[in-house]
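> If you want the building blocks of each chain, they are given just below.
There are 2 protein chains.
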Amino acid sequence: MKIIVDAMGGDKAPEVIVCGAVKAATEYRVNIELIGEPGQIEALLKKHKYPKDYISLHPASEVIQMSEPAALSVRKKKDSSICIGLDLLKERQGDAFFSAGNTGAVVCASTLTLGMLLGIERPGIAILIPTLKGFSLVIDVGANIDPKPLHLLQYGFMADVYFCHILNRPHPSVGLLNIGEEESKGTDFVKETYHLLSNSHLNFIGNVEGKDLFSGKCDIIVCDGFVGNVALKVSESLVETVYTFFERHLKSNPLGMIGSAFLSASLAQFKKQTDYSEYGGAVLLGVNGVVIIGHGRSNEMAVKNAIRRAKEEIEYRVNDRIIEAINVNPVRKQAF
Amino acid sequence: MKIIVDAMGGDKAPEVIVCGAVKAATEYRVNIELIGEPGQIEALLKKHKYPKDYISLHPASEVIQMSEPAALSVRKKKDSSICIGLDLLKERQGDAFFSAGNTGAVVCASTLTLGMLLGIERPGIAILIPTLKGFSLVIDVGANIDPKPLHLLQYGFMADVYFCHILNRPHPSVGLLNIGEEESKGTDFVKETYHLLSNSHLNFIGNVEGKDLFSGKCDIIVCDGFVGNVALKVSESLVETVYTFFERHLKSNPLGMIGSAFLSASLAQFKKQTDYSEYGGAVLLGVNGVVIIGHGRSNEMAVKNAIRRAKEEIEYRVNDRIIEAINVNPVRKQAF
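Those sequence lines, one after another, are chains X and U.
Position 54 of the first sequence, counted from 1, bears residue number 53 in numbering that gives the first Met the number 0, the numbering being contiguous throughout.
Position 105 of the second sequence, counted from 1, bears residue number 104 in numbering that gives the first Met the number 0, the numbering being contiguous throughout.
Read the hints as simulated data drawn from the structure, not as lab findings.
This structure is a prediction, so every number in the text was calculated from the model and none was measured.
Even for Gly, the Cβ is constructed at its ideal location relative to N, Cα and C.
Check before you lean on any hint, since a few could be wrong.
Some chain U residues near chain X, calculated using beta-carbon distances under 10 Å [unchecked claim]:
{"id": "1", "residue": "L71"}
{"id": "2", "residue": "F225"}
{"id": "3", "residue": "L237"}
{"id": "4", "residue": "T243"}
Here chain X stands alone, though its shape is the one from the complex (with noise of 0.2 Å):
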């Protein structure tokens, strides 16, 4: 098995990257192929101790910056570690693709060298969040900001193969997420959307609101990219700034501070628990290649975390399970 690791993507790159591939390849003893500029990751890699045979590095003369244009970046730059690596795993030299860079460039490139998977029609970028019962998948978070209904009907699908075999929990719900629970609420499509799930074999329990989101009502949250991408930043930012806040008051008060000195414990804690680094990354569906997008600002756990998912991804067969899935079972495929 090789992961192929975009060195060069992500605020911190290629920095993080190396490290976090380092720390994989040590704990998982998986193989590694980093792509990037040669020299200065074969600097970064001297300060590390790892196992040799596991890492090695596959030159890409171009990177494609965070804020550039998706389609036009991935058309101009075909020397950038992203295409290199999706062109590698097109070609079989590696199992797994991932990147912390440009996630619209990884999703435009994915798509248009790896193809779809059959049955499928547009990619859906989903990632398991934390909630008050366990954690949720919620799918699309920025892949397709402008999908039609069959969209959000597939995502629903593919979500519901990756519940039941790569988590391993059979007949996961299904919420659409909507500006109310009745089915009358919403614009045109979703309403449309809310047809095509009920009739589908999914375990559609109905609309579901943003107050939802983190209650853990249901397993899996379908939504557009757009609503999607809008309410997981949201999200990120807010536990950040209720976790300033109550900083904050701790400190502007005398008993506060003492409080917060028997606290660290509970603290830590509480921060790993709502950590996005410690969940590894989101899950490109829908392209025909195992491909796993990290956020921009991750660090050296995100990345280590990013390629074990990776890891799982190839030995539960994901893809091979979606495809199963629609093409033999009839029930499935008659959804499509």
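Dock chain U against the given chain X, drawing on the hints supplied.
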């Protein structure tokens, strides 16, 4: 000055509405007309001590339930507390209307009964949210879920007037909620809105992301009602979820339990700062009258604060100022 209050709207109506109205009448010495079922309201009023001259009662035989379809319920239930309250406002038998009932019905009935301000095509719900730098005004959070770009420009315009005059903060900065900061990001709808905002007289700073909602990056955040509603509800629930997570960790750890004993003052202060009920309802901007919308879960404190907000809006003549700004200032008129 008289504020018309829908006594029957909200999850805990009429109890908390009557209680909040009594508190507001006592504290602010403002006249309040309660609309609803007289028997129930009189029975509740008898339980309280309050300045009798300040609270009157107007009967309404019907109630629009929280889950009813907005347009249909407004058409069918002409004798509902929402419809009668807005009729009274239109007839100038009061100066503002407050309801914590069915938001869609309040928006629909307000638009039909009061009409729009000259130059404004659609109403928008504006809400103040706490940020790391103070607060921001987000518009729209659910009045108009399928808007045109021009509507968002008009929201920016109204929010600008609101910020200048009510909040006494001239030249507020305006951001457009999007999935990335670059001008090229987002759907066609968002790109067109960006173009309109950047060519207006507003202090437009460009796109902001979900992560900027609580950072205080700009004073006003403009978005479509669907996205705004989801973002707001995600935020509300996430604050509660984070709080629950944190409490769990405190209780699961002996040092945490000792620490938490010192923290009651900080926790109370923190809760107050992040508690929606302190902010006193949302403002329905664009209709020809002062309308304040409360959270369905409003408690008596939220009701009292919403009535205070209505009083301030009347005193500061928000709608007159929006009309003045459109008609007097040629630069502002030009934007339309």
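> Hint L237 of chain U vs chain X: min CB-CB distance below 10 Å?
Hint on L237 of chain U: holds, closest Cβ of chain X at ~5 Å, below 10 Å.
> Against chain X, with CB atoms and a cut of 10 Å, does the hint on F225 of chain U hold up?
holds, 6 Å
> Let's test the interface hint: is any C-beta of chain X closer than 10 Å to that of T243 of chain U?
holds, 6 Å
> Go through the hint on L71 of chain U and say holds or violated, using the shortest Cβ distance to chain X against 10 Å.
holds, 9 Å
No hint from the list above goes unmet by this structure.
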